[in-house]
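**Q** Next come the chains, spelled out residue by residue.
Number of protein chains: 8
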Amino acid sequence: GFAVLDADRLARTGDPEVVFGAGKTPAQTVTLLRRLHELHPQRAVLATRCGTDTTTLAARELSGAAIDEVGGTIAVGPLPTPRGRVAVVVAGTSDLPVARECVTTVEVYGAMADLIVDVGVAGLHRLLARRERIEQADAVVVIAGMDGALPSVVGGLVRVPVVAVPTSVGYGAAFGGVAALLTMLNACAPGVSVVNIDNGYGGAVVAARIARQTAPLTAR
Amino acid sequence: GFAVLDADRLARTGDPEVVFGAGKTPAQTVTLLRRLHELHPQRAVLATRCGTDTTTLAARELSGAAIDEVGGTIAVGPLPTPRGRVAVVVAGTSDLPVARECVTTVEVYGAMADLIVDVGVAGLHRLLARRERIEQADAVVVIAGMDGALPSVVGGLVRVPVVAVPTSVGYGAAFGGVAALLTMLNACAPGVSVVNIDNGYGGAVVAARIARQTAPLTAR
Amino acid sequence: GFAVLDADRLARTGDPEVVFGAGKTPAQTVTLLRRLHELHPQRAVLATRCGTDTTTLAARELSGAAIDEVGGTIAVGPLPTPRGRVAVVVAGTSDLPVARECVTTVEVYGAMADLIVDVGVAGLHRLLARRERIEQADAVVVIAGMDGALPSVVGGLVRVPVVAVPTSVGYGAAFGGVAALLTMLNACAPGVSVVNIDNGYGGAVVAARIARQTAPLTAR
Amino acid sequence: GFAVLDADRLARTGDPEVVFGAGKTPAQTVTLLRRLHELHPQRAVLATRCGTDTTTLAARELSGAAIDEVGGTIAVGPLPTPRGRVAVVVAGTSDLPVARECVTTVEVYGAMADLIVDVGVAGLHRLLARRERIEQADAVVVIAGMDGALPSVVGGLVRVPVVAVPTSVGYGAAFGGVAALLTMLNACAPGVSVVNIDNGYGGAVVAARIARQTAPLTAR
Amino acid sequence: GFAVLDADRLARTGDPEVVFGAGKTPAQTVTLLRRLHELHPQRAVLATRCGTDTTTLAARELSGAAIDEVGGTIAVGPLPTPRGRVAVVVAGTSDLPVARECVTTVEVYGAMADLIVDVGVAGLHRLLARRERIEQADAVVVIAGMDGALPSVVGGLVRVPVVAVPTSVGYGAAFGGVAALLTMLNACAPGVSVVNIDNGYGGAVVAARIARQTAPLTAR
Amino acid sequence: GFAVLDADRLARTGDPEVVFGAGKTPAQTVTLLRRLHELHPQRAVLATRCGTDTTTLAARELSGAAIDEVGGTIAVGPLPTPRGRVAVVVAGTSDLPVARECVTTVEVYGAMADLIVDVGVAGLHRLLARRERIEQADAVVVIAGMDGALPSVVGGLVRVPVVAVPTSVGYGAAFGGVAALLTMLNACAPGVSVVNIDNGYGGAVVAARIARQTAPLTAR
Amino acid sequence: GFAVLDADRLARTGDPEVVFGAGKTPAQTVTLLRRLHELHPQRAVLATRCGTDTTTLAARELSGAAIDEVGGTIAVGPLPTPRGRVAVVVAGTSDLPVARECVTTVEVYGAMADLIVDVGVAGLHRLLARRERIEQADAVVVIAGMDGALPSVVGGLVRVPVVAVPTSVGYGAAFGGVAALLTMLNACAPGVSVVNIDNGYGGAVVAARIARQTAPLTAR
Amino acid sequence: GFAVLDADRLARTGDPEVVFGAGKTPAQTVTLLRRLHELHPQRAVLATRCGTDTTTLAARELSGAAIDEVGGTIAVGPLPTPRGRVAVVVAGTSDLPVARECVTTVEVYGAMADLIVDVGVAGLHRLLARRERIEQADAVVVIAGMDGALPSVVGGLVRVPVVAVPTSVGYGAAFGGVAALLTMLNACAPGVSVVNIDNGYGGAVVAARIARQTAPLTAR
Ligand SMILES: Nc1ncnc2c1ncn2[C@@H]1O[C@H](COP(=O)(O)O)[C@@H](O)[C@H]1O
Ligand SMILES: Nc1ncnc2c1ncn2[C@@H]1O[C@H](COP(=O)(O)O)[C@@H](O)[C@H]1O
Ligand SMILES: Nc1ncnc2c1ncn2[C@@H]1O[C@H](COP(=O)(O)O)[C@@H](O)[C@H]1O
Ligand SMILES: Nc1ncnc2c1ncn2[C@@H]1O[C@H](COP(=O)(O)O)[C@@H](O)[C@H]1O
Ligand SMILES: [Mg+2]
Ligand SMILES: [Mg+2]
Ligand SMILES: [Mg+2]
Ligand SMILES: [Mg+2]
Ligand SMILES: [Mg+2]
Ligand SMILES: [Mg+2]
Ligand SMILES: [Mg+2]
Ligand SMILES: [Mg+2]
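Protein chains in written order, with the working numbering: chain U, 1 to 220; chain V, 1001 to 1220; chain F, 2001 to 2220; chain Y, 3001 to 3220; chain E, 4001 to 4220; chain X, 5001 to 5220; chain A, 6001 to 6220; chain C, 7001 to 7220.
Since the hints were derived computationally from the structure, they do not count as laboratory data. All values derive from a computational prediction rather than experimental measurement. Just so it is clear, CB atoms sit at the ideal spot from N, CA and C, and this is done for glycine as well. Careful: at least some of the hints might be erroneous.
[To be verified] Taking beta-carbon pairs under 7 Å as the criterion, some of the chain X residues facing chain F (in silico):
id, residue
1, 5062
2, 5093
3, 5094
4, 5118
5, 5123
6, 5126
7, 5172
8, 5173
[To be verified] Per the computed footprint, the stretches of chain V lying under chain F, defined by three or more beta-carbons under 8 Å from a beta-carbon of chain F, are:
id, region
9, 1118-1125
10, 1149-1159
11, 1167-1173
12, 1176-1188
Assemble the whole structure, with the sequences as input and the hints as a guide.
**A** Here's what the structure looks like:
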């Protein structure tokens, strides 16, 4: 076959393999999702970075799939009971696709997601007004493009780990997310770690694992 | 004065401010540490990136300070009772200064550190032989220079969050840690987030926070 | 004419010139392939980086050509009797186009190719399960994108030269293959050398030459 | 001679030429300062980026010179009567050398400087507590290293132009100030422009010109 | 909703929020513009970086909108009475889209714009012939691509602040505006600050604020 | 108008202004060419970097124009009598568009061009076989992509100045011509200077000026 | 201990572990060499990148060690009987330290080294005069800084694999070896692979393995 | 020996080999200079990039050598009779070392050098005042750091080729001369070609060759 599924990953790491849809044909992605679902019928499996060709094929062939065109995700099978809470804090409207990928992944990885949008640092009161809600989370994902300054500010306000996701939103010297990435790697507030540009998926995995190992099964 | 201490940080984030020793005179660092210690006498306070000028002055002026010349850290005051365990997994001997900064910080931030050194991927059996020990951790920090490949391998083996710390060990196209940084940002195993090059401090803060919020006060 | 073929290259280097299809019109590529075939009728000649326009024209005009649309290659003439064996070890499914270009080139350059796919380091057991097969090779090509960590691991397991091919698979801080390239140049296992991003052809030439000069004509 | 002074610059631009001390011998810098002072005896002239060799020579040879070792500046002659006010807002203690160069330059260029230090975004209340003072300025210079996030926050709070000065404070992926520079160029708050890394001088010239053309001679 | 408008920005900074059209659907941009217009009916509100889909929808749905297809801007509501004058000095014809975005923004932000085009340094007399006109401005925006040398020359001729806008005009080692950006950050004439590549909007905000705070309503 | 022609350039520099077609509408380019031709009817004028839209319009509207679709050039008016000879030495077939722009420009700037193609260093005998022809030139332009090694070799063989033109031919770590550019800037043979990536025009201007000032009017 | 030796590496890969001296104290390096020598008394073991502190200590403490101060290497124990021949072709005199590290490593890894120096492409006849000698090798290492053009030329002349080693020799746009590295990755001659900048060790390992698996024990 | 002199270079290219002093011991450089002088006793030979160790040894051992400590050059033997004139136009005082290397090289390569210093574009009148002198040259070398804008301006004023030499003068985003290099590669005036950062030698070789082939032996 064209692929060797890592069937053992759930046992090793607590979560099944996820299909990276970007370099695959729609048929390949759908086939792999189906195989993963057969391996793990009791637990939602996921494909990310799916174009509309793939989501369209999935809609036809994978009955019951939860599809998000904006976020590019396809989930098949029942979501785990959520443990713990992840705040997904988003700087601007244009960061929404990354935010949606993040929210879906948090849920597939077994935590609760609380999405808070358009609270960039140019109008600080918008963030401060949502501070209490953010403080209820067991982990925070902060998603921002352009200057990527939001995690530095959030990191100075909370006591739980902050996972920063730089986005490619911006132009010119934003360099496709590099400016935001560097800002976040140099965040002057401690407790901030960073994942790849536009990697809402990766930020979610880290945060969901933190949240679920923090919270007892009977959620707070 | 030359500085405005963030006296409120303990209340806001659960940990006091830390002195960044790099751009300061020895006198400035020692003064700030003393002030921080007065603000938080019941809880160890920390300075990082201290040169030997600073550690020498601290040894003379700050009685009872715990000083690590290799790691460049100075801690004053009693360590918190540790909650949870952080495995600090290190690729090579040359990464030790970063590893030492990391271990000290984990302890100042209230978790237990388990240091595992010289387990680079060129001799995989060394890592696999320590797998059980790593699996007992609530969070893993992986420290590596050169190719920075170790977090990708560790990330495929564990179920807790992995915080990757690239180091500037290497030469030529290692570009002072950039090669390792990029490898880690692109780690093909999920659950890996990254901090700045040589930032053992930052990796420790994230991991210690995860560990202590995971573990009940009566440690496992 | 628009080109000056290097008719002497077979005599000098043991292999005829190869057409680089990328910057040429379909007609130019097909014309050059035909001329090369006339110069070297007894030995397969090759064009790489051919788009579908070119492969379509070749299918029509070059009878008996061996065409691979995924790998973008066209070969005309009989393959040499293979000497020696090259393992082509591939991290992920999305690296397949580069892997296919590599396999075809190994064969045109007179060695045997053994393709091993989807054995990335995030699920190490997949690679270890194929270790014996890899150990039968006279040279190994390792193809990987994203973190590019696979050659570091393979390099620690084998005694023959490893040629690493970084691919442009990935996004964000993968920078079109630069992250994988840097990882590979800094591989902490010795015996690894590197070719250009997505250069399955170049990796194959090096490995095939090693394999065929290692193995006596009566192949193993 | 080794240099051609731009004697006409005061007439053209409102301010005399300034000596860039970095690539010059102490003797050259002192000679040029003396010549400039003779050309413009009624108005302070300035040298920047002077090492201690140069400031020592100047202390001996230029009587009445105002010398700042930390900021690396030497001023000779009477300061102009200040018009307008520039707030110089500084993220951390390590940015002080750049801040000092900035303050001296603001004064030599004929405006009043108000220095506000150690108000980085990791402890936001420190900045907000000084908001009123900042609002009294006709222009704001914001100086920050590491993540360079401070101008984005200040820019969202004030109505006068903000000139951002990235500093080389930081390590690793701070890349000697590049991270802060990119952050500032992508500031999501409008009204922010940027000068070169560590260029306290340049930020001051822009801000002082804004301040003095805003304020009537009888300062507010 | 998909966005949280910063309704308070006019009070805080003297100007309402501006819609960044780049990452939004036409419907989103038009909706936000309408909401902003309702919040600030007495004062023009603006959207920038709008494609033709968006300008077409705006033309249909926002009666009285001032639309500039070349500059990608949409303005709704009455322009403020202009205070002060901004010279917009442009190196080449290909920089016109950035120049148009700049002129519109200057006017929406309440200053007068004087556009001077095609005065690049390769034919210096063209610039020198317009020197008097430029000297009448309270602030100068200089827009240039390729070598980005124009602000260095203009900066040596005027006494008001110069805001430099690098453009992505050029090819090869122009690197999409990076060459011009670096030139401008290193301008050897003082008084020059810089905004992001192609950011005519940003340059205009800074210059308009300078101009209007320089000039009394009945200009000085 | 949208442009200010530099009518004086012929007097100042010996050659009229050239239209840079890249950022202009077809109508703008054609209008400017017509205006230039009216200013300099006795001497060919040139537009470069013209797309097929522009060359099509020029074919219709500018009778007698010499149009090269591959090189993207349009010339109007009589060529000057050539003085001196420029060898245009080209590494590969894919560099032809740059080579064609170069040849046309050499002729418009008043020298003779001798085009020598497909003589890359991988088959050195091809270059050595043309050595005598190259030695007859008064200046040499060397055009190469990928490794950009050809100017280093040519520079070691000739006594006249070599102008190196890197091209964007290649992939991966060729970085759109950056690899070739750097190679050429570091050419170990002296007498080599470099112009921008793909700038056949710029290389030609330098070489033609050298050739024509070397050779007396009655050409060799 | 501070290190975990990979005692099994000889069995796995055919060669013992090598000590990377750069990040270690002299005592650490000497201790590790002694331990390695005890593990493998019958076969030379190696340390690379040793400064004079380390070579001095080794001279005193490791009797019989073969020390090369220029190349920074220390070898302890008997060299293996050489199998096969490696030509080490060096562009300039300044590349000698890298060349010496390479030659020593080739011998420790069990092949014969033939060193050919100062044959850069600016004087091609020097290389061509040694062509026969180069053709006797089973593998070629080519070492060059600045433009890094030599492997492209050598690659077009030989039939065995070429391993290219870029060096940091040069200045300015050589960028510490990056220019040479990129040239080599884009070598237009096939059969060339590349190792890290200044990595004479790495180039030697690859070439020696090729040479010794090519040649029967009774060397040619 | 440690080096192979290219004795044939004078015959091939019109000038003898030059010693690159940077990577050599003083003894090596002096030995090579002496050997070159013996090969070419009638014609000055040159070493560049010599530190004070080397110039001191040369002063002692090479009687009659012309040594320039600032420029780092040593010349031995009689200068050729100059043909043609090169204007060496220098932006600032800090560029003098590069300018001195350039002037010496122009003379060793057989042309006359006219040095014009401190005429940067921030005070344009200084350059325009020397325009007539510059117009008498057969070739112009322009040397500038920081913004590197001077060649764009000079290129618009003269009819002879301009060779631009970027220098590493500057700080921050000057990136050791990269900013100036990029500016010059993108010079909007045609007729400008570029050499490596700080390469006064390279600029001189190109310009001297142009000058001497332009001018008849009885100089103008
Ligand atoms: N090694 C370190 N790396 C990065 N940030 C640090 C480090 N040590 C301390 N910090 C942060 O630096 C800030 C203090 O900076 P300062 O006010 O200059 O002492 C605090 O917010 C710390 O969290
Ligand atoms: N062309 C532009 N370039 C940079 N920033 C802009 C531009 N247009 C609007 N903005 C800013 O973008 C922010 C709005 O972003 P959003 O919430 O995504 O609409 C506002 O703070 C504006 O000041
Ligand atoms: N292909 C080209 N590459 C670089 N510069 C060019 C090119 N063609 C024309 N130019 C220059 O571009 C300038 C004209 O730009 P513009 O005013 O935008 O037409 C002239 O000074 C030409 O010398
Ligand atoms: N000069 C060198 N360049 C790159 N890698 C080396 C070099 N010398 C030794 N090594 C590798 O470094 C590893 C040992 O590193 P360490 O564990 O830090 O002692 C071994 O796997 C060697 O193969
Ligand atoms: Mg918004
Ligand atoms: Mg080790
Ligand atoms: Mg897979
Ligand atoms: Mg502080
Ligand atoms: Mg123009
Ligand atoms: Mg060819
Ligand atoms: Mg030599
Ligand atoms: Mg000067």
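**Q** Next step is simple, just say for each hint if it's right about the structure.
**A** Hints, one by one, checked against the model:
Interface hint status for residue 5062 of chain X: violated, as the beta-carbon distance to the closest one in chain F is roughly 28 Å, over 7 Å. A hinted interface residue such as residue 5093 of chain X counts as satisfied when its beta carbon comes closer than 7 Å to some beta carbon of chain F; here the least separation is about 5 Å, so the hint holds. Given the 7 Å rule on beta carbons, the hint for residue 5094 of chain X holds: about 3 Å separates it from the nearest Cβ of chain F. About 4 Å separates the beta-carbon of residue 5118 of chain X from the nearest beta-carbon of chain F, less than 7 Å, and the hint is met.
Given the 7 Å rule on beta carbons, the hint for residue 5123 of chain X holds: about 4 Å separates it from the nearest Cβ of chain F. Annotation: residue 5126 of chain X was flagged as interfacial toward chain F, and the flag holds, the nearest CB pair being 5 Å apart, inside 7 Å. Taking 7 Å as the C-beta cut-off, the interface hint given for residue 5172 of chain X holds, the closest approach to chain F being about 3 Å. At a threshold of 7 Å, the smallest CB-CB gap from residue 5173 of chain X to chain F is about 5 Å, leaving the interface hint in force.
By the rule of at least three residues with a Cβ nearer than 8 Å to a Cβ of chain F, the coverage given for the region 1118-1125 of chain V holds, with 5 such residues. Coverage of the region 1149-1159 of chain V by chain F holds in this model, with 6 residues showing a Cβ closer than 8 Å to a Cβ of that chain against a need of three. Coverage of the region 1167-1173 of chain V by chain F holds. Counting CB-CB distances below 8 Å, 3 residues qualify, and the rule asks for three or more. Coverage of the region 1176-1188 of chain V by chain F holds [criterion: at least 3 residues with CB-CB distance below 8 Å; count 10].
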